[in-house]
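Please put together the full structure from these sequences, using the hints given.
For the protein sequence lines, the chains are A and B, in the order given. Going left to right, the first sequence walks through residues 1 to 584 as UniProt numbering numbers them. Going left to right, the second sequence walks through residues 1 to 201 as UniProt numbering numbers them.
You may find that some hints are simply not true.
[Said to hold, decoys possible] Just a few of them, taken from the derived set where beta-carbon distance is under 10 Å, the chain B residues facing chain A:
| id | residue |
| --- | --- |
| 1 | Ala28 |
| 2 | Val81 |
| 3 | Tyr86 |
| 4 | Gly90 |
| 5 | Gly103 |
| 6 | Tyr111 |
| 7 | Ala162 |
| 8 | Glu184 |
| 9 | Ala185 |
[To be verified] For the chain A half of the interface with chain B, some residues (derived, Cβ under 8 Å), not all of them:
| id | residue |
| --- | --- |
| 10 | Lys249 |
| 11 | Glu331 |
| 12 | Cys389 |
| 13 | Gly553 |
In case anyone wonders, no lab produced these hints; they're calculated from the structure. On a predicted model such as this, the values are computed, not experimentally measured, just so you know. Every residue, glycine too, gets a C-beta built ideally from N, C-alpha and C.
Residues per chain, in single letters:
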Amino acid sequence: MTLTSPDRRTLMAGNTAIARGAYEAGVYFASGYPGTPSTEILENIAHYPEIRSQWAANEKVAFDEAMGVALSGKRALCSMKYVGLNVASDSFMVFPFAGTIGGFVVISADDPGMYSSQNEQDNRYLARMAQVPMIEPSDPQEAKDYVKLAYELSEMFSTPVLYRTSMRVSHSKGIVALGERGEYTGERRFVKDVPNWVVPIFAKSLRAKLDAKMERLTAFAESYPFNRVEEGKSGIGIITSGASYTYAKEVFPEASFLKLALTNPLPRQKISDFCARHEVVYVIEELEPFLEEQIRAWGLTNIVGKDRLPRSGEYNPDVLAQALLGEKAVEDFTSEFDLISRPPQLCPGCPHRGAYLALKKAGVLVTGDIGCYTLGALPPLGAMHTSFCMGASIGHAFGFELGGMDKVVAVMGDSTFIHGGIPSLIDVVYNGGNTTTVILDNRTTGMTGHQEHPATGMTLQGKEAPRLDLVALIRAIGVKHVQVADPFRQKEMFQALQEALQHEGPSVILTNRPCIFARGEKDRAKTPYVIREDKCTQCGACQRLGCPGVLPGEQPRIDEVACTGCSLCAQACKFDAIVLKGVV
Amino acid sequence: MPVTNVLLCGVGGQGVLLASEVLALVAAEEKAEVKQTEVHGVAQRGGSVVSHLRFGEGVYSPIVRTGEADILLAFERLEAVRYGYYVKPGGLILINDVEIMPGQIGEYKPYPAGIMEFLSGKGLRLQLIPAAAEAKALGNVRVSSLILLGVLSQHLDLSPRAWETVIRRRIPERLLEVNLKAFEAGVELGRSQVEAAASGG
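Written out as structure tokens, the structure reads:
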């Protein structure tokens, strides 16, 4: 199969290549929700006007929309971070019972090593659980080419396909040979057929059909050409997929490889034959022993896997060489040097800082959520005390309250509130809670790189959209005590917090300052603050705000390039030593 | 052709990622295979940033192995120490003569002294690059990245034509002239440093 023309080579990141793959595969519709390391997939798809693409309120909505498009007979894609697939799993687990009409691919971007994630989760198990085929690319060229393979499988077997990438595949660049867009013109359209599409009533018969489909897929996997064998010269065989393949090729250039593109269902005969032809077979896979446990269950014994290789963390060639060849690690001499770390901090001028300073002063228990504002848990702010996953903080706060804890406040970002906070706020009202919620409305999806969402009033493509009115929404939910407060005015912010805490019944405060990187903010003229050394007593109060714009040292100074003039340090200074530049 | 392994490191906001993108594009102009990777996510302004780049033939992994980098280009002195152990024995570290004080929590620590002595004690070759001073002389403090790339170009087997092609393609029109000048200044600086080293100076 020729996928590309050799004269059109370009350097591309894995996520950009996935977007290109969607374009070339004739994808008609794409949806998703931002989440590292998946965000750039949809951002790049947005550059192709041939594909209708949009940010969804959350991953389940993205999945359901794409599902509707696929059932209409067109090729649809949805993309998300691996934890996003947890959100979308309700649909994902049921869809295979009916199967699809047009090609349907869900992209899950895993994060081995947890570079920007709350847990280390191996989503390959979800493909097995949902009983769908799973495709895994190992580099940018495959990232592009395998999108097309995924659609072919999806249509051949009328099934959703899980396309699993990982941080290293998504965020590595390589040379990619481009192809043309093939317009997909599927002949099949949705036909009303209750026994096939009303799954709950007909689940029993559909279950039997799904099992039969997986049997056909398993037989197909045996001869699938992209599960390829590379004959080597040593007695070592390696079974691997994804980014691990690239590391293993570096460390074992002489070995034979069974490189799997389709990692669910597994080709039992092909794997058994490969194992029989080699003295020892290394199963090299990041995270859980997903392949290994299945292979061992078939009674194959010349296997080396998690008995030698780590089960957590990202792999790299060093990890493989140390675990399998007994190589000694190169001495990391940084421990001999007094190396100061560079911990992540909220940006200079970040509005979350003002909210956290008020919360800290109030001395309340703060349940937190997912976003830049998770950094408010770290010193010197230390004003957020729990954080687990998207949209959980309001439910947690209500739970703490029911559990007998006093003065609990939930914090949640604007995008997160739309994603998963609304039902829990409804619940607080419905069940007579007293919970106070602070919506840190910075008018963007900050952590993932400033994506639009329904309350920013802009689409993925930067076109105007109806702007979700959060205050009206919260009032409509039935919250009677709703305030909008300026986090850069500490007195006002603290006062609002006190009033909310004293209010009998649910209360919500929305902060009203945008992220310094939100649309239009970067170009806004800013006057920085400066420190008057004649008045400064070097008390250090300004240095305890966790602002990177206030430089460390006995005599604090302000980085005038970084300073946005938010004034929080000036409000924290008891000696009036911090003044706007030019005002003496 | 053997694989060349390059590491670029620095502090978020210094232009490490732009520089590594330019380098990767230059390598892609004339090499069979190029792989580049970096860490995204919480590496924001002020955080430590590292980018791996490998080119040549038979490049699979984008990750440079520890102790195998041919050359490390450090945009900041302290970061040269943080990633120095990636460099192969006797390998080269190009160090931008810039100190960026890390944001600190708790007890204040002054910026560490003795970085050059420490690294040369590890058997690594060092070359200090006064990019900030050069940039100032060119009248634009933001072109340090291109000066550093100019110096780096003198240590890599990539043609001047490829460098110029990519810089012209990647840098916006209004900033192109000063960046080309900056790159040339870096080339001159790198060449004189290489000659001085060759003559034992």
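TODO: Please name the hints from earlier in the document that this structure breaks, with their numbers sorted from lowest to highest.
DONE: 4, 7, 8, 9 and 12
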